[in-house]
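All chains, please: the whole structure from these sequences, using the hints.
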Amino acid sequence: MRERWIAAQEARGIDPEFRIKPGVGGNFNFLILGDTGEGDASQYAVVPGMLKTGQDTSFAVIASDVIYPTGSGNEYGDKFFRPYKDYEAPIYAIPGNHDWYDGLGGFMRVFCDAPPLKPKPDRGLRGLLWRKPETIDEARLAEARELRGRPAQQAAQPASYWAIESDRLLIVGVDTGIKNVLDKRQTAWLRRVSLDPRPKILVTGKPIYTGNVHKPSLLEEGGTIDDIVRDPAHRYVAAIGGDVHNYQRYPVKVGDRVIQYIVTGGGGAFMHATHIIDRVDVAGVAEDDFRCYPLRGDSLSFYSQLYARRLRMKWLRLTPDEALCVMSQHIGNRPVRPIEGAVTMTRRMRWAARLLGAWPWPFRLPVDKVFHRFLSELSDWDSPPFFKQFLHVSVTPDRLTLRCFAATGCLEQELRPPLEDEVHIDLS
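In terms of UniProt numbering, the sequence shown is residues 1 to 428.
In short, the hints are calculated from the structure, not lab data. Beta carbons are placed, not taken as given, at the ideal position from N, Cα and C, and that holds for glycine. Among these hints, one or two may not hold up.
Cross-link-like lysine-lysine pairs, in silico, PhoX-like; alpha carbons within 25 angstroms at most [said to hold, decoys possible]:
1. LYS179 with LYS118
2. LYS120 with LYS132
3. LYS215 with LYS253
4. LYS200 with LYS21
5. LYS184 with LYS120
6. LYS118 with LYS184
7. LYS215 with LYS179
8. LYS132 with LYS118
9. LYS215 with LYS184
10. LYS179 with LYS120
11. LYS184 with LYS200
12. LYS200 with LYS215
13. LYS85 with LYS21
14. LYS132 with LYS200
15. LYS85 with LYS52
16. LYS253 with LYS200
Listed next, with one range per pair, are the computed distances between beta-carbon atoms [what the hints assert, rightly or not]:
17. GLU3 with GLU88: 31 to 39 angstroms
18. LYS118 with ARG399: 46 to 54 angstroms
19. PRO362 with ASP167: 54 to 62 angstroms
20. LEU195 with LEU311: 51 to 59 angstroms
21. GLU138 with LEU311: 42 to 50 angstroms
22. PRO385 with ALA142: 30 to 38 angstroms
Structure, rendered in structure tokens:
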């Protein structure tokens with residue numbers, strides 16, 4: 001189906017190299033948000049900090065899953081146009097698996113102004129069981145577009161994958177679809193664009209490193225997308241992916257350079273736990289060099305409160321300081337923030353941590369991503385504090401600076417978005 005969309009776009013006369021030229025030079029800033037579109041409080045809580053921090057940005061990129069749960073074009077009003085109506089710059093996007101559940105019809109209509117594909121009979125099991133794409137209500141969509149109707153907000157991207165050009169940097173976005181595989185046509189394009197001599201950032205729907213595991217997207221012809229990223233001739237300095245709803249950063253040494261592999265999926269959707277990430281050692285990354293948000297202790301405390309409330313089991317609840325001590329003991333690191341007062345480890349705390357997946361245990365309550373595929377609403381949380389985040393990226397001729405800002409839904413953090421992580425990358 002992706003190949004059909006690409007063929008239809010080429011027939012309409014798009015740039016065959018899928019380039020976007022926003023008119024930026026050697027110095028510019030932009031935003032990256034991942035997994036945004038639930039249309040609820042946790043998505044809207046990100047907006048004030050995004051607008052404040054993004055005042056100096058030339059554009060924004062949404063990395064994966066613009067619209068939950070099924071990418072419908074009829075849901076873009078409340079889940080895309082309304083939340084970002086006051087952001088005064090273009091927004092580009094790459095789709096995630098949820099955007100593909102609608103056959104990518106809503107995504108292509110909104111971001112590429114593409115008409116629907118002609119129906120193609122599907123007589124297999126997929127044709128019987130797969131959700132049929134919704135017919136887009138064009139009047140409703142036109143009304144929604146008016147929310148971001150100012151000239152400075154307009155964006156046009158050629159397809160579901162693209163390359164944003166600037167004088168000093170290429171931002172390469174790839175479409176990993178549902179199966180996390182790049183087809184031959186997209187792979188050939190990616191190999192061509194990667195030969196450009198400029199430094200590059202990869203933006204992908206699936207992170208390459210997450211949860212202390214290496215999970216590179218496969219190429220239909222063999223190999224992985226990380227083979228392309230690691231090739232020194234291609235000059236990738238970072239690979240940033242959505243899909244997992246938190247923030248993680250792995251500085252991986254590749255030869256004589258370091259590539260920053262980043263997860264940025266905290267743009268609005270329900271949170272995926274970080275406390276289930278063991279002491280980090282993947283690809284030679286040391287625990288002290290790894291960064292995540294929420295911190296593991298805050299993640300454990302969050303889930304303990306969620307289950308204590310929903311199961312009516314008060315003993316499960318762990319305060320942030322208790323959870324921080326539990327995680328520091330398990331991971332074997334020093335507490336990453338000061339603890340107010342003394343905390344005594346108890347059997348209750350250890351049992352709660354085991355049941356919530358912080359320590360190895362045969363039985364644990366569902367907190368991981370496999371469970372969320374089917375019953376994600378049980379982990380939804382629509383009252384502050386949230387643990388959402390977004391990235392602010394600054395580009396100069398010699399340096400790239402990535403900053404992760406938190407969004408909690410609390411007024412203090414809206415006025416002064418907290419900086420959770422910062423990394424500088426030499427482009428010279």
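Against the structure, the hints come out as follows:
| no. | hint | verdict |
| --- | --- | --- |
| 1 | LYS179 with LYS118 | holds (23 angstroms) |
| 2 | LYS120 with LYS132 | holds (12 angstroms) |
| 3 | LYS215 with LYS253 | holds (17 angstroms) |
| 4 | LYS200 with LYS21 | holds (15 angstroms) |
| 5 | LYS184 with LYS120 | holds (22 angstroms) |
| 6 | LYS118 with LYS184 | holds (23 angstroms) |
| 7 | LYS215 with LYS179 | holds (13 angstroms) |
| 8 | LYS132 with LYS118 | holds (13 angstroms) |
| 9 | LYS215 with LYS184 | holds (19 angstroms) |
| 10 | LYS179 with LYS120 | holds (21 angstroms) |
| 11 | LYS184 with LYS200 | holds (21 angstroms) |
| 12 | LYS200 with LYS215 | holds (20 angstroms) |
| 13 | LYS85 with LYS21 | holds (22 angstroms) |
| 14 | LYS132 with LYS200 | violated (37 angstroms) |
| 15 | LYS85 with LYS52 | holds (14 angstroms) |
| 16 | LYS253 with LYS200 | holds (17 angstroms) |
| 17 | GLU3 with GLU88: 31 to 39 angstroms | holds (36 angstroms) |
| 18 | LYS118 with ARG399: 46 to 54 angstroms | holds (48 angstroms) |
| 19 | PRO362 with ASP167: 54 to 62 angstroms | holds (56 angstroms) |
| 20 | LEU195 with LEU311: 51 to 59 angstroms | holds (55 angstroms) |
| 21 | GLU138 with LEU311: 42 to 50 angstroms | holds (45 angstroms) |
| 22 | PRO385 with ALA142: 30 to 38 angstroms | holds (37 angstroms) |
Taken one by one, the earlier hints fail for this structure only at number 14.
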